[in-house]
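If you want the building blocks of each chain, they are given just below.
There are 4 protein chains.
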Amino acid sequence: MAETAETAEAQVGGIVSAQLRSLIERIERLEQEKAETAGAIRDVYAEAKGNGFDVRTMRTIIRLRKLESADRQEQEALLELYRAALGV
Amino acid sequence: MAETAETAEAQVGGIVSAQLRSLIERIERLEQEKAETAGAIRDVYAEAKGNGFDVRTMRTIIRLRKLESADRQEQEALLELYRAALGV
Amino acid sequence: MAETAETAEAQVGGIVSAQLRSLIERIERLEQEKAETAGAIRDVYAEAKGNGFDVRTMRTIIRLRKLESADRQEQEALLELYRAALGV
Amino acid sequence: MAETAETAEAQVGGIVSAQLRSLIERIERLEQEKAETAGAIRDVYAEAKGNGFDVRTMRTIIRLRKLESADRQEQEALLELYRAALGV
DNA sequence: CTGCCATTTTACCGGC
DNA sequence: GCCGGTAAAATGGCAG
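Residue numbers (my numbering), protein chains in the order written: chain A, 1 to 88; chain B, 1 to 88; chain C, 1 to 88; chain D, 1 to 88.
Just so you know, not all the hints are guaranteed correct.
Just so you know, same-sequence chains aren't split out, so a pair can sit in one copy or run between any two.
Below, in silico cross-link-like pairs of lysine to any residue (SDA-like), each with a Cα-Cα straight-line distance of 25 Å or less [stated by the list, open to error]:
#  : residue 1 : residue 2
1  : Lys34     : Arg83
2  : Lys66     : Ala40
3  : Lys66     : Ala77
4  : Lys66     : Glu76
5  : Lys34     : Leu86
6  : Lys34     : Ile61
7  : Lys34     : Thr60
8  : Lys66     : Val12
9  : Lys66     : Asn51
10 : Lys49     : Gly14
Hints listed in this document are in silico derivations from the structure and should not be mistaken for laboratory results. The model shown is predicted, which means the values in this text are computed figures rather than measured ones.
The task is simple: from the sequences and hints, build the whole structure.
See below:
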């Protein structure tokens, strides 16, 4: 066996370090992607504004639609909960 | 006039300090009140559970009702927005 | 005896339903109260800001004060914050 | 020419409406994409946690890395974090 | 004790 | 260029 205890430990530290680096780089890549998508959204709003639409109103519409969809999902969840509670 | 510049400055610092203390104490008092209300809510859930109700279901119902009310409010806000936009 | 089994059951269902409604309303009332207190807290922060205080620093002070069992390091941070806040 | 003024106006309204719908759908699509990327990030954090890494520390590291113009103090904090993370 | 959900804090974006 | 408000991230608390 060629490695002393310290060397083995160093290897483990190296491996852990490499894992950490890999995870962090993956996250940073994804965050960049997310930022780009956010940029694209901003561009669409800007385009809309350029075509005379009111951004504030658009945001309200989109928020409302999201809310309605969340509402529907909740209703389904509640129904499912009742279903389970009643052993149907 | 009895005060040197330094003394006046110290007075100002003292006043600012007293203001800060007062504001912080008000906030802490309100936060305590909020915590107490949160405790009361927990108690009601505990009571409900003791009477055989399913807490999870109750939470879902309450969340849904809040969502519905938020939805209604948003719809009104949207209407109001349109109203304003059209100069009615 | 005037009630059939089904009627009695329906009564029980009605009572349970009323209990549930009552519990939910109590919780909703308390949550509203809690929201109002939260609003009051926001108002105090707004007032503080209006008087030239830094809200972020105040939040930090309050958070640190909540940790009554603050270790030495936190005490130092608190001191440093006061120092900075008062421009000493 | 077959269209009255009102009809032409209705057409314009229809076109505006279609434009608005298109813009909103584009935004909603992009927001969904953004949400999916956010989900992927959460997954990576979960994986990291599963491999024994401390998520809070990782978040701090990533935040510090984002501040490319980190001053010396931050660099020291980063070093300290790595040191703690690797148990040196 | 783990995962989920609510709350709180931070960051961003539009408006003035 | 700043302010205010709104959405996202992060932390803390609670149920299971």
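Quick one: lysine 66 to valine 12, C-alpha cut-off 25 Å, is that within a copy, between copies, both, or neither? Result: close neither inside a copy nor across copies, 47 Å intra and 27 Å inter.
Homomeric proximity label, lysine 34 with isoleucine 61: Cα distance no greater than 25 Å: Classified as both; 23 Å inside a copy, 19 Å across copies.
Is it within a copy, between copies, both, or neither that the alpha carbon of lysine 66 lies no farther than 25 Å from that of glutamate 76? This pair counts as both: shortest intra-copy Cα distance 15 Å, inter-copy 16 Å.
Under a CA distance limit of 25 Å, which applies to lysine 34 and leucine 86: within one copy, between copies, both, or neither? neither (33 Å within a copy, 29 Å between copies)
From the Cα coordinates, with 25 Å as the cut-off, is the pair lysine 66 and alanine 40 best called within, between, both, or neither? both (19 Å within a copy, 21 Å between copies)
First find the shortest C-alpha distance between lysine 34 and threonine 60 inside one copy, then the shortest across copies, and answer within, between, both or neither for a cut-off of 25 Å. both (22 Å within a copy, 19 Å between copies)
Within a copy, between copies, both or neither: which one fits lysine 49 and glycine 14 at a CA-CA cutoff of 25 Å? Only across copies: lysine 49 and glycine 14 sit 18 Å apart there, 52 Å inside one copy, limit 25 Å.
At most 25 Å between C-alpha atoms: does lysine 34 with arginine 83 qualify within a copy, between copies, both, or neither? neither (34 Å within a copy, 30 Å between copies)
Alpha-carbon proximity between lysine 66 and asparagine 51, which holds within one copy, between copies, both or neither at 25 Å: Classified as within: same-chain Cα gap 24 Å, cross-chain 33 Å, threshold 25 Å.
State whether the alpha carbon distance between lysine 66 and alanine 77 is at most 25 Å within one copy, between copies, both, or neither. Result: close both inside a copy and across copies, 14 Å intra and 15 Å inter.
The structure fails to meet hints 1, 5 and 8 from the earlier list, while all remaining hints are met.
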